[in-house]
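**Q** Protein chains in written order, with UniProt numbering: chain B, 1 to 469; chain D, 1 to 489.
Some clues are possibly wrong.
Stated by the list, open to error - List of simulated lysine-lysine pairs, DSS-like, C-alpha gap at most 25 Å: (1) B:Lys339 x B:Lys388; (2) D:Lys97 x B:Lys28; (3) B:Lys77 x D:Lys335; (4) B:Lys35 x D:Lys97; (5) B:Lys7 x D:Lys231; (6) B:Lys61 x B:Lys28; (7) D:Lys14 x B:Lys223.
Stated by the list, open to error - Away from chain D, derived, C-beta distances all over 12 Å, residues of chain B: (8) Leu4; (9) Gly170; (10) Glu179; (11) Thr322.
Just so you know, the hints here were simulated from the structure itself, not pulled from any lab data. Fair warning: this is a prediction, and the values are worked out from it, not measured in the lab. Heads up, the beta-carbon is just placed ideally off N, CA and C, and yes, glycines get one too.
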Amino acid sequence: MGLLSRKVTCNSHGQDSSYFLGWEEYEKNPYDEVKNPKGIIQMGLAENQLSFDLLESWLAKNPEAASFKRDGQSIFKELALFQDYHGLPAFKKALVDFMAEIRGNKVTFDTNNIVLTAGATSANETLMFCLAEKGDAFLLPTPYYPGFDRDLKWRTGAEIVPIVCTSSNGFQITEPALEEAYQEAQRRNLRVKGVLVTNPSNPLGTTMTRTELDLLLNFISDKEIHLISDEIYAGTVFSSPAFVSIIEVLKDRKLESSQVWERVHVVYSLSKDLGLPGFRVGAIYSNDPIVVAAATKMSSFGLVSSQTQFLLSAMLSDKKFTKEYLSKNHKRLQKRQNKLVSGLEKAGISCLESNAGLFCWVDMRHLLSSNTFEAEMELWKRIVYDVKLNISPGSSCHCTEPGWFRVCFANMSEDTLKLAMQRLKSFVSSITINNQSHQELKNTRRKNRNKWVFRLSFQSFHDREQEER
Amino acid sequence: MEFTRNNNRQLLSKVATNDRHGENTPYFEGWKAYDSNPFHPTQNPQGVIQMGLAENQLCFDLIEKWLLENPDASICTAEGVDRFRDIAIFQDYHGLKEFREGVAKLMGRVGGNRVKFDPNRIVMSGGATGANETVMFCLADPGDAFLVPSPYYAAFARDLGWRTGLEIVPVDCKSSNNFRITRVALEEAYEEAQRSNINVKGVIIANPSNPLGTVLDKETMRSLVSFINDKSIHLVCDEIYAATVFGSPRFISVAEIIQDMDCNRDLIHIVYSLSKDMGLPGFRVGIVYSFNDCVMNCARKMSSFGLVSSQTQFLLAAMLNDEEFVGNFLRESSKRLAKRHHVFTKGLERIGISTLKSNAGLFFWMDMRPLLKEQTVQAEIELWRVIINKVKLNVSPGSSFQCSEPGWFRVCFANMDDETVQVALERIREFVHQGKEEDGASEKSKHWRKQNLRLSFSSSRLYNESLMSPHMISPHSPIPQSPLVRART
Chain B
1 MGLLSRKVTC NSHGQDSSYF LGWEEYEKNP YDEVKNPKGI IQMGLAENQL
51 SFDLLESWLA KNPEAASFKR DGQSIFKELA LFQDYHGLPA FKKALVDFMA
101 EIRGNKVTFD TNNIVLTAGA TSANETLMFC LAEKGDAFLL PTPYYPGFDR
151 DLKWRTGAEI VPIVCTSSNG FQITEPALEE AYQEAQRRNL RVKGVLVTNP
201 SNPLGTTMTR TELDLLLNFI SDKEIHLISD EIYAGTVFSS PAFVSIIEVL
251 KDRKLESSQV WERVHVVYSL SKDLGLPGFR VGAIYSNDPI VVAAATKMSS
301 FGLVSSQTQF LLSAMLSDKK FTKEYLSKNH KRLQKRQNKL VSGLEKAGIS
351 CLESNAGLFC WVDMRHLLSS NTFEAEMELW KRIVYDVKLN ISPGSSCHCT
401 EPGWFRVCFA NMSEDTLKLA MQRLKSFVSS ITINNQSHQE LKNTRRKNRN
451 KWVFRLSFQS FHDREQEER
Chain D
1 MEFTRNNNRQ LLSKVATNDR HGENTPYFEG WKAYDSNPFH PTQNPQGVIQ
51 MGLAENQLCF DLIEKWLLEN PDASICTAEG VDRFRDIAIF QDYHGLKEFR
101 EGVAKLMGRV GGNRVKFDPN RIVMSGGATG ANETVMFCLA DPGDAFLVPS
151 PYYAAFARDL GWRTGLEIVP VDCKSSNNFR ITRVALEEAY EEAQRSNINV
201 KGVIIANPSN PLGTVLDKET MRSLVSFIND KSIHLVCDEI YAATVFGSPR
251 FISVAEIIQD MDCNRDLIHI VYSLSKDMGL PGFRVGIVYS FNDCVMNCAR
301 KMSSFGLVSS QTQFLLAAML NDEEFVGNFL RESSKRLAKR HHVFTKGLER
351 IGISTLKSNA GLFFWMDMRP LLKEQTVQAE IELWRVIINK VKLNVSPGSS
401 FQCSEPGWFR VCFANMDDET VQVALERIRE FVHQGKEEDG ASEKSKHWRK
451 QNLRLSFSSS RLYNESLMSP HMISPHSPIP QSPLVRART
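My request is simple: use the sequences and hints to build the entire structure.
**A** Below, the structure is given as structure tokens:
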């Protein structure tokens with residue numbers, strides 16, 4: 001009989017993966033323009049730091065929201081006591097309106113169907129507790145957010161079976177891939193309960209096409225399973241094609257009264273769209289009243305602070321503000337993404353064409369010494385330790401093709417991004433030179449390569465982690 | 001849709017469709033009665049008075065004053081907005097250093113400054129609700145069990161067992177010794193569990209106790225520690241009412257006990273919160289403090305599922321690090337709790353109703369056994385329905401706390417103003433008086449049976465669990481809709 005639970009000793013929290021190790025390194029040697037100009041630049045953090053000024057200016061104009069006041073009266077006491085798991089009605093209303101606005105008001109959301117949770121991390125886990133258990137599996141298209149291993153599997157006991165997507169078609173979901181994943185789950189004696197997709201995609205930065213969405217709906221309809229659409233990046237779509245939510249497709253196909261309507265669930269959060277990950281605001285939206293009821297009770301384990309609900313209800317109710325914010329934020333994201341893409345181009349690196357998210361999916365296959373994950377790790381270590389950029393290797397996102405990396409662009413200043421691109425360019429040039437002399441210096445190169453083999457010591461890394469997508 | 005709904009139901013997990021969330025128990029009926037007819041001194045003076053809510057509403061003025069004097073504690077005010085972006089971005093599951101330091105200081109202070117708590121061991125969670133569940137996830141696997149002395153907090157069933165799959169094995173405590181936890185009772189419960197092949201992983205207690213309002217004495221604490229140490233099982237101490245102690249005996253944290261005992265510290269874990277001591281349940285501040293490094297690290301990773309909003313961490317960091325404020329707050333809070341407790345218990349004494357002697361918590365444990373028609377749970381529930389329906393007080397029946405003796409009720413006293421206290425006492429006085437007048441001393445039991453024992457509600461719509469829960473104010477309520485709807489503990 002072990003003293004502790006199996007959860008303590010198992011690895012399903014996934015925090016030993018390279019994704020988190022890069023952060024460890026960054027923490028030890030973080031770049032600072034003045035204090036540590038040679039430090040590691042953080043490009044593994046999908047944060048939106050581009051529009052704080054807009055939030056701050058709103059705060060300056062709305063002092064009541066800042067100080068627990070409404071209509072001149074202090075409502076501190078009511079807020080301090082408010083722990084109703086149904087959430088602050090004004091906040092829910094403002095939130096569903098915001099969600100609709102992001103979707104061009106082509107869909108509306110009912111406040112009775114929304115459940116507030118402490119971040120999307122909690123929303124995803126809670127949904128999983130409602131829909132699956134040990135022996136069940138959810139199918140996820142690869143590459144996917146590394147944190148899903150923890151959020152969906154760790155405490156729930158559920159399994160993830162990958163839907164393999166490849167660069168041959170821009171990593172889009174195909175019918176054969178869906179079927180293959182379903183069969184694989186059967187082979188592993190797992191009962192498939194549903195599919196979970198992130199749309200817009202992390203790490204790809206692309207919005208799902210209507211074809212894919214239709215395909216998904218047909219698939220879950222046919223197999224009579226659930227679909228979870230994690231739409232936390234919906235507000236970061238900065239260029240066409242426009243974002244199409246799964247709810248919109250259901251509506252367009254007039255499926256509101258169908259069996260499938262209650263099996264589609266949406267996860268949302270303000271961490272990416274508003275850049276407020278610290279506030280822990282997540283939501284589950286479901287048309288199944290049983291799921292809503294169960295998830296609501298479960299939200300007791302991670303409610304949103306009433307202080308935060310109050311502040312954000314005021315902010316999101318200000319429609320003038322939300323309109324301006326979304327529009328300016330999009331422009332800034334687009335501009336910044338363009339800078340990353342062109343900077344990469346100058347270094348001879350291309351990336352997947354993208355129109356959303358806070359990152360690009362970068363193709364460094366040509367820089368690999370071999371088409372293997374070992375080579376990807378090698379390259380990654382060089383980039384972290386030598387080039388001093390923390391980017392996320394595709395393998396940590398369960399990508400089946402080595403050589404892809406996720407690189408974030410919205411969590412640093414423009415100057416820092418520029419510097420990062422310069423470093424990358426120098427690095428690539430040096431590799432190119434090396435490659436050219438490879439034939440002549442085969443043996444020397446082998447010797448050099450040995451220098452790049454690092455033994456990471458895992459002990460010290462276990463203690464720290466950043467919450468990031 | 002019906003066929004679909006049934007089909008779809010089979011596609012959900014057992015956890016989503018079973019009853020282990022515990023919200024279908026009679027305990028929540030009282031809530032429903034209150035929600036459909038809430039008392040208001042002027043707008044609904046005949047409404048149900050909420051006495052089932054363990055909230056501390058006595059010291060908000062102190063906090064509000066502090067907030068006015070410290071605008072830079074908010075990242076949204078002009079004085080504090082320069083910190084806005086750093087805090088808005090901050091989602092590190094280690095938590096803000098200043099926040100952890102403030103909490104550690106508070107915990108130390110509340111323990112009488114006899115122990116120092118290490119800020120680096122402070123782990124956040126979604127309220128004590130989240131903390132208790134997290135600790136269970138760390139210590140036990142589905143099917144394992146924890147011993148819980150009864151009477152215990154009604155929602156432990158949900159917090160400890162719903163999603164974790166754990167079982168609760170109650171350890172019955174009796175009024176004959178003031179519900180103290182005895183070594184004998186623990187041993188018996190443990191042996192019985194072993195015989196039934198139930199794998200007991202630990203004991204969980206609340207100290208101060210909910211619903212008793214008592215603090216555990218040193219001897220009981222030492223006996224508990226020795227028991228779990230002998231069996232090599234865990235001890236989880238839920239100390240969320242630690243600062244609600246007024247009068248003696250003082251609160252003794254398990255952290256203090258183990259200082260002088262030979263004990264495997266890897267077995268000791270504390271759960272804390274600011275919901276009761278500071279009266280801030282809406283802020284969702286739960287804390288796991290484990291002496292076991294593995295548990296601490298695991299709980300910290302799990303805290304991702306229920307981090308405290310950084311905006312809130314920041315505010316509380318400033319507040320809790322203001323030592324003068326904290327000292328004054330704790331002193332004043334104790335004083336006010338003591339006074340309120342005294343008004344009630346003395347008032348009840350005069351009516352002839354006794355309560356368990358207590359000096360902590362936000363409630364007292366009321367002895368209504370003499371008023372039961374027979375010493376059964378059924379009779380207790382009947383009496384309870386009369387109290388809700390006729391006397392219009394929402395109190396909590398002992399059976400909802402798994403009390404092994406019928407007739408006890410938990411009555412909260414810190415969630416109302418002074419006038420309402422008087423109204424409540426007056427209603428009880430009338431009720432008991434009426435009972436004595438109508439039936440004579442020996443006929444008390446018949447009186448209750450004559451009453452209409454069915455709960456009456458203005459809207460049956462409230463009962464559709466799938467549409468609403470106990471917490472919505474009926475749209476037909478005469479009370480102007482509060483934009484904020486309150487919940488129960």
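**Q** If a hint holds in the structure, say so; if it does not, say that too.
**A** How the hints compare with the structure:
no., hint, verdict
1, B:Lys339 x B:Lys388, "holds, 19 Å"
2, D:Lys97 x B:Lys28, "holds, 18 Å"
3, B:Lys77 x D:Lys335, "holds, 20 Å"
4, B:Lys35 x D:Lys97, "holds, 22 Å"
5, B:Lys7 x D:Lys231, "holds, 22 Å"
6, B:Lys61 x B:Lys28, "violated, 39 Å"
7, D:Lys14 x B:Lys223, "holds, 20 Å"
8, Leu4, "violated, 6 Å"
9, Gly170, "holds, 31 Å"
10, Glu179, "holds, 20 Å"
11, Thr322, "holds, 17 Å"
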